[in-house]
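**Student:** Single-letter residue listing:
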Amino acid sequence: MNGLQFTPRALPGAAEDMRRRVRDFLARAAAAGHYRPGEASWNSFDAGFSRRCGEAGLIGVTWPRSYGGEERSYLERYVIMEEMLAAGAPVGAHWIAERQSGPQILTHAHPAVKARILPEIAAGRCFFGIGMSEPDSGSDLASVRTRATQVDGGWKINGRKIWTTNAGQVNYLNLLARTGDAGPNRHGGLTQFIVDLSKPGVEIRPIRDLTGRAEFCEEVFDDYFVPDEMVLGKVGEGWSMVTGELAYERSGPDRILSPFNLLREAVRAVGEEPDDAGAEEIGRWIANVVTLRRMSVSVAGMLADGKAPNAQAALVKDLGTTFERELPEQARLLAPREPEQNAAEPYTAALAQVTLNAPSWTIRGGTREILRGIIARELGLR
Amino acid sequence: MNGLQFTPRALPGAAEDMRRRVRDFLARAAAAGHYRPGEASWNSFDAGFSRRCGEAGLIGVTWPRSYGGEERSYLERYVIMEEMLAAGAPVGAHWIAERQSGPQILTHAHPAVKARILPEIAAGRCFFGIGMSEPDSGSDLASVRTRATQVDGGWKINGRKIWTTNAGQVNYLNLLARTGDAGPNRHGGLTQFIVDLSKPGVEIRPIRDLTGRAEFCEEVFDDYFVPDEMVLGKVGEGWSMVTGELAYERSGPDRILSPFNLLREAVRAVGEEPDDAGAEEIGRWIANVVTLRRMSVSVAGMLADGKAPNAQAALVKDLGTTFERELPEQARLLAPREPEQNAAEPYTAALAQVTLNAPSWTIRGGTREILRGIIARELGLR
Amino acid sequence: MNDMRDILLEQTDRLFGDTVDADAWTAADSGSLDRSLWARFEEAGLTRAALDEADGGSDLGLADILALTRLAGRHAVPGPLPETMLAGWLWRRVDGDALAGVLGFGPVRPADCFTLTPDGQGWRLSGEAARVPWGGVADRLVLSARTLEGEAMLAVAEPVETAITGGGNLANEPRDSLVFDDLPLAADRVRPWPESDRGPTLMQIGALMRAQQIAGALQRVLEMSIEYANDRVQFGRPIAKFQAVQHMLAVAAGHVAAASMAAEAAAARDVDDPHFALDVAIAKARAGEAVRPVTDAAHQVHGAMGFTHEHSLHFLTRRLWSWREEFGNERLWQREIGRVVATTGADRLWPLLTDLG
Amino acid sequence: MNDMRDILLEQTDRLFGDTVDADAWTAADSGSLDRSLWARFEEAGLTRAALDEADGGSDLGLADILALTRLAGRHAVPGPLPETMLAGWLWRRVDGDALAGVLGFGPVRPADCFTLTPDGQGWRLSGEAARVPWGGVADRLVLSARTLEGEAMLAVAEPVETAITGGGNLANEPRDSLVFDDLPLAADRVRPWPESDRGPTLMQIGALMRAQQIAGALQRVLEMSIEYANDRVQFGRPIAKFQAVQHMLAVAAGHVAAASMAAEAAAARDVDDPHFALDVAIAKARAGEAVRPVTDAAHQVHGAMGFTHEHSLHFLTRRLWSWREEFGNERLWQREIGRVVATTGADRLWPLLTDLG
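Chains as they are written, first to last, in full-length UniProt numbering: chain G, 1 to 382; chain L, 1 to 382; chain V, 1 to 357; chain U, 1 to 357.
FYI, nobody ran anything at the bench for these hints, they're computed from the structure.
Ideal Cβ placement from N, Cα and C applies to all residues, glycine included.
Treat the hints loosely; a few may be bogus.
What the hints assert, rightly or not - Derived lysine-lysine pairs resembling DSSO-like cross-links, with alpha carbons at most 30 Å apart:
#, chain 1, residue 1, chain 2, residue 2
1, G, Lys156, G, Lys114
2, V, Lys241, U, Lys241
3, U, Lys241, G, Lys199
4, G, Lys114, G, Lys234
5, L, Lys199, L, Lys156
6, L, Lys156, L, Lys234
7, V, Lys241, L, Lys114
8, L, Lys307, L, Lys199
9, G, Lys234, G, Lys199
Claimed, not checked - Taking CB as the label site, the calculated pair distances span:
#, chain 1, residue 1, chain 2, residue 2, range
10, V, Ala39, G, Asp222, 37 to 47 Å
11, U, Thr26, L, Asp136, 23 to 33 Å
12, G, Ala344, V, Pro184, 45 to 55 Å
13, G, Asp222, L, Asp136, 54 to 64 Å
14, V, Thr147, G, Glu39, 41 to 51 Å
15, L, Asp276, V, Thr344, 51 to 61 Å
16, V, Gly236, U, Thr26, 18 to 28 Å
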């Protein structure tokens, strides 16, 4: 049971300094027309905006200076992330590279690879996607079938990956492939690779989604060659590398603030003097958002302390995505609109955007069912 | 999938005639002070009231005339049940005997037993309880351990039964006991008995519940003797007899109307000109109650046609108890009260009564989990 | 149920099954009307379902039209087929002539209204209506309007000379805002509509139409999810074997059955029955309430696959998320029900419910 | 967290664990105060937690008292121990003397209020308050009141000469309605309470108290349910192995953690901090919201056993169902939050949230 305690954590002064710096950056970027506040999110790809973030020193701030970082705490980084999301800034290009790929490279990559790639990520010029899921695997990573076969000087990759965000626009993938037998616990024989998408042997196919956009992609590897240098970590230890760091992915502010724009527009819609029903609904959301954010910051603090709060992160994500899923359902009744994508009225457009996307939030980054299994195990129920 | 269709079913004219008859009976009973409208439910034991119901010919109306019935349709019976519940009449004494035990006896009992017991039930003078659950079995009837051993002229029962409603006040139990091996499908070796509680060898212990009342009982059998005549159906076929008739128990109006008094008092509490929030809440409840009742009547119609709509009954019960569980949670916010048992104000008292009892409604008569398993199997998911 | 009706429904189900596929849905996502598909429906007589046999129609009553509407929902049929059938029925109900072509009706919001002023032998129509289904695509629209004296009328107008602001719902079905400014109408294009006494309102007819479409589409979404759960293997077995998936779909099945029952009961009610209004309100409220749990479960079961444009699920779910808002969302209809019940009073509640059946 | 506090909490947890058992809860169900249990709390110094050391107290601040309050919730401690500690703290905050005995405070509803009129050197107190916790049992009550000029005051009154209408909550904890009619109070029994400027209201202190009790009790209910699920065998295995049970308790754990975080954050806030009011509202709203999913899951897991008087679960759940209503239910506090946010405005929402921390 101790595993599911969340100690309140105040953000340190340095984090609040960072907040001022980010707000300043965002205000200037908005004034200069570099982004339109409120419209974008962590899946909006804008290479130009990411380069500006890199130039402003807002990417990879926790990393060593030698790799383009500022050696700042995880809590300062947290503030950058949440400010970007709350502003609706288009951070999708560098989001994955900064959140997952960079840290993995820092810990596990060949020194030459680190020196080459990390400063580019920090500069906002190098973007990553994730190549974990496969057409037949979904949440069950142990069933990965894409195969890497050892050849002279490296590995040949054959197989298919799917649900990679913006694969057509990123430079690299973190790829999980089978290099050996799964073994009795089903978790062996997997290895992580860094895959350069500018090299031959990989074909990228966009997958149009229900909003009409093509954010997801599928990749087909046909004798694609990866040099040994681009193996990430030890051969055969991919599974634990991937699952061990899920707390970074699962507890972040993106699990709370995805529909923040709708929340803000709902506050605008009910006006300064809401009726009882409007005040209640807004009040309930705020009580939940404030509490979720405190829990998320608490997990960030544990990460900053070098802990591995996997179950807490799963719990925050489950609670967060459940809240995100509830929000549009309550919002549509609070201030009735017929939602319409690209409507001129911000609330109508936000409602459409969130209505179409919210059901996916309980699937991305581990389905609700996977998360609840992790929580249950930590509660001692398995 | 065809198994989960519900065809709308209009109640026949005879059922509406019966409705007038019941309303008339209830109006006279209320006027004469034989019950206080709105206060009781299907677990309120009042032997005197049941006798009056029997005298008025309102018990066992579907049974043959030779056994005290009126050979009426199952839909006429349905109307009696729902009118009693909606009125809040204390029908708990004869409820189980009329709903479950009587039909089982009619189908499975020795002719002499039928002739002796059924007319007494129909007269409202003979009451039954159910002896299925055991301290270690709960919803898993196949794990029953109470044992019946064949002796000269009958059987000796040893073991414990629990969660019998009003066992201290009823005359008989329907008892499920182990008479042989479970066999490969875990469902064999069980037999049903009619147990006369006035005979020696059984001790009844009341179990006080969280409302402070002692509606449930536990029974301990110590070499209790049942004559052969009181075996119900064939030896070893108890499991299918019990589970085959669950539709009768699960689709009835008691699965919808348990908190009807709270609903009525909520309508009174919001008044004739409710605000938007009050009108919405009432409207949502009514849309659900009307629809549930139509589904319940549809199942009653299938039963009247001699079908065995087990999955539909499970679905109505799951939907019905979920609604019943929601109702007090929404009611408490609609017209805020601090609920208090026995409060003078009817709404406050009803809120307390339903708040304390509602969590049990998703457990009685098959837990939510069991019901959803039955529905899933019918959907082809297992 | 009679035999003729069963045969018609079976044939129509087959026609929709044969003609409405992922290509048709994808084409419809542009917001334009698929004329070749429409021609198939015309050929099958569906567009003239409500008309007199003498006018080449099938002479169907409201209940039959609504049964077809439910099928249209089940197949997420592109184009305003239910609107066309019901507009034809509405105009015939006031003894109007047989309306041909693509039809719509409106207004669809309680606040919108049209005004008729006499002009010689004919009339002039003015007013605005927001988000009329297919309002800018239909050949003609059946509109409710009032004379300056407040008399309720139906009018048939062609939106050709109208100011049209195009829009769409989440499924990109056209929802167009219309402004009529003194549009001249011939005398026979306007007829009295006795809605104040007994008749249904256009909002009610529209709500009933959407309730039926929702019920049909929900059933389909459930079936797709069951099929997918049995096919999709995760962690070494079909996900249908996981208790969490089973229970999620069992709960969804409950909502599908409830939505279906509510919609069917209202569809079976005669429009002149005093309980018609309450039954329509119950149908739209209950069907609307079912959309969220069922689409949630469906998308959860389908996982990422359900969000791809390639998979058909979203053609149904995007319509469901839109239809529940149209012709009044569940909150609007719940208020209607609540006010009727409040007026009836607590002590008359139970008799009201049993009377409703 | 400091060492002294940890030791105190650990000792108190042990004391509650040793003294509060099913017998104590059953006895408390009569609605009377268990004097021997109370004596144990007095002996341990808990009833005087807020008082100056010179008065035999422990000189604890609000945060520490609230940490003890949470433990009291966790153990469903019979008797008004949190009320007594907090009433003592309230009176000390206005430099009052050390209050001894069993204490309570009120009013507990926004609509209730007391009036003070000067009477020579002293005062007279009049007014009514409904459902004051232990109002008829307490030796003295700390009451908020206003002078005729509208000045906010605290007064200490003994309910001896009061018209008392006894009542109880679902756990049979006394909730008594009081009527004071010109009760004479000595001058030192009344002190100015600057709540209008900066101070907390008694509603806020009460809401914070209940939020902490709820957080403590929810944690206990979750633990009981996990234990029961691991022990209880059905269909041949512990029910903890069923995915449906696992997920139900995983969801419950989320609500427990959220309620706990919300209550802790408010308890850690200084009463003079401008965000105190918002944090209290969030704490009571979020903790109240958690009661239903957690108690639902707990009773579902416990099955019929959880409804027996013999099993301890209901001593906690009945309190939870009552505490969420007391000192304002979640809807009341949500409205408070909503109005603050609405006044702040959409464009200042995010800065408000980050400022709140």
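**Student:** Are the hints correct? Go through all of them and say.
**Tutor:** Evaluated hints:
1. Lys156(G) with Lys114(G): The given pair, whose Cα atoms are some 22 Å apart, holds under the 30 Å limit.
2. Lys241(V) with Lys241(U): With Cα atoms ~15 Å apart, Lys241(V) and Lys241(U) stay inside 30 Å; holds.
3. Lys241(U) with Lys199(G): Violated, because 48 Å separates the two Cα atoms, which is more than 30 Å.
4. Lys114(G) with Lys234(G): 16 Å, holds
5. Lys199(L) with Lys156(L): 13 Å, holds
6. Lys156(L) with Lys234(L): 17 Å, holds
7. Lys241(V) with Lys114(L): Outside the cut-off at roughly 44 Å; violated.
8. Lys307(L) with Lys199(L): 38 Å, violated
9. Lys234(G) with Lys199(G): 23 Å, holds
10. Ala39(V) with Asp222(G): 37 to 47 Å: 45 Å, holds
11. Thr26(U) with Asp136(L): 23 to 33 Å: 25 Å, holds
12. Ala344(G) with Pro184(V): 45 to 55 Å: Since Ala344(G) and Pro184(V) have Cβ atoms about 32 Å apart, the given range 45 to 55 Å is violated.
13. Asp222(G) with Asp136(L): 54 to 64 Å: With Cβ atoms ~60 Å apart, the hint holds.
14. Thr147(V) with Glu39(G): 41 to 51 Å: Distance hint for Thr147(V), Glu39(G) holds at roughly 46 Å.
15. Asp276(L) with Thr344(V): 51 to 61 Å: 18 Å, violated
16. Gly236(V) with Thr26(U): 18 to 28 Å: Hint violated: Cβ distance 50 Å, outside 18 to 28 Å.
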